[in-house]
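Enquirer: Protein chains in written order, with the numbering used here: chain R, 8 to 120; chain H, 236 to 348.
Derived by calculation from the structure, the hints in this document are not laboratory data. Quick caveat, the model's predicted, so the values are computed rather than measured. All clues stand as given, with none of them false.
Simulated crosslink set (DSSO-like; lysine-lysine; CA at most 27 angstroms straight-line): (1) K302(H) x K103(R); (2) K103(R) x K305(H); (3) K305(H) x K271(H); (4) K291(H) x K103(R); (5) K291(H) x K302(H).
These are the residues of each chain, in order.
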Amino acid sequence: SQTIHQWPATLVQPVGSPLSLECTVEGTSNPNLYWYRQAAGRGLQLLFYSVGIGQISSEVPQNLSASRPQDRQFILSSKKLLLSDSGFYLCAWSVKGSPETQYFGPGTRLLVL
Amino acid sequence: GEDVEQSLFLSVREGDSSVINCTYTDSSSTYLYWYKQEPGAGLQLLTYIFSNMDMKQDQRLTVLLNKKDKHLSLRIADTQTGDSAIYFCAESTSSGNTGKLIFGQGTTLQVKP
Numbered sequence: 008s009q010t011i012h013q014w015p016a017t018l019v020q021p022v023g024s025p026l027s028l029e030c031t032v033e034g035t036s037n038p039n040l041y042w043y044r045q046a047a048g049r050g051l052q053l054l055f056y057s058v059g060i061g062q063i064s065s066e067v068p069q070n071l072s073a074s075r076p077q078d079r080q081f082i083l084s085s086k087k088l089l090l091s092d093s094g095f096y097l098c099a100w101s102v103k104g105s106p107e108t109q110y111f112g113p114g115t116r117l118l119v120l
Numbered sequence: 236g237e238d239v240e241q242s243l244f245l246s247v248r249e250g251d252s253s254v255i256n257c258t259y260t261d262s263s264s265t266y267l268y269w270y271k272q273e274p275g276a277g278l279q280l281l282t283y284i285f286s287n288m289d290m291k292q293d294q295r296l297t298v299l300l301n302k303k304d305k306h307l308s309l310r311i312a313d314t315q316t317g318d319s320a321i322y323f324c325a326e327s328t329s330s331g332n333t334g335k336l337i338f339g340q341g342t343t344l345q346v347k348p
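Using the sequences provided together with the hints, build the complete structure.
Expert: Structure (structure tokens):
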């Protein structure tokens with residue numbers, strides 16, 4: 008069966024510090040991968056998605072970047088965090104084809120102080 | 236453009252039925268989804284419906300789709316306190332093999348004992 012992991016679960020970082028959040032998927036190959044941000048327990052904002060290794064699409068301009076160095080690994084990064092980067096970050100994966108149902112990880116709660 | 240709208244809050248008594256509504260704009264959406272998010276957790280897929288179906292039932296959950304009005308609903312029978320959560324409606328997008336979904340803002344369901 009497939010599983011998705013995210014770490015860390017919680018992170019408190021000072022403004023201006025770097026960020027690296029990791030997401031890995033097990034039990035599937037060549038998935039689509041997604042990073043979302045959820046502010047204040049509300050709606051989801053799609054940040055990045057990837058259809059393959061090294062292929063990253065950005066949905067909104069921002070202080071963050073994403074990379075996919077391996078087939079089942081998706082990393083969210085920042086060189087210098089802003090207060091507005093605080094939020095709940097969710098990673099998701101889907102199998103290419105129809106339906107392309109997305110399955111979510113447990114999330115990382117980031118607090119920038 | 237593509238958009239998904241949900242009411243923000245619903246309160247019901249334990250044992251009653253809950254109906255959560257959603258409207259969407261992309262008439263070419265192939266699949267429509269319902270996700271559940273408990274506090275501090277990722278999104279859990281509840282069910283999905285193919286756009287050529289009118290209804291889908293899965294135990295206590297009933298999904299109704301009115302494609303003409305672009306209206307989707309989720310009915311939870313015999314609502315329990317454990318059903319308290321945020322419920323997200325999502326539609327698939329006509330974006331090739333990216334698997335992108337458009338999410339609503341989420342409906343917070345409060346179940347009173």
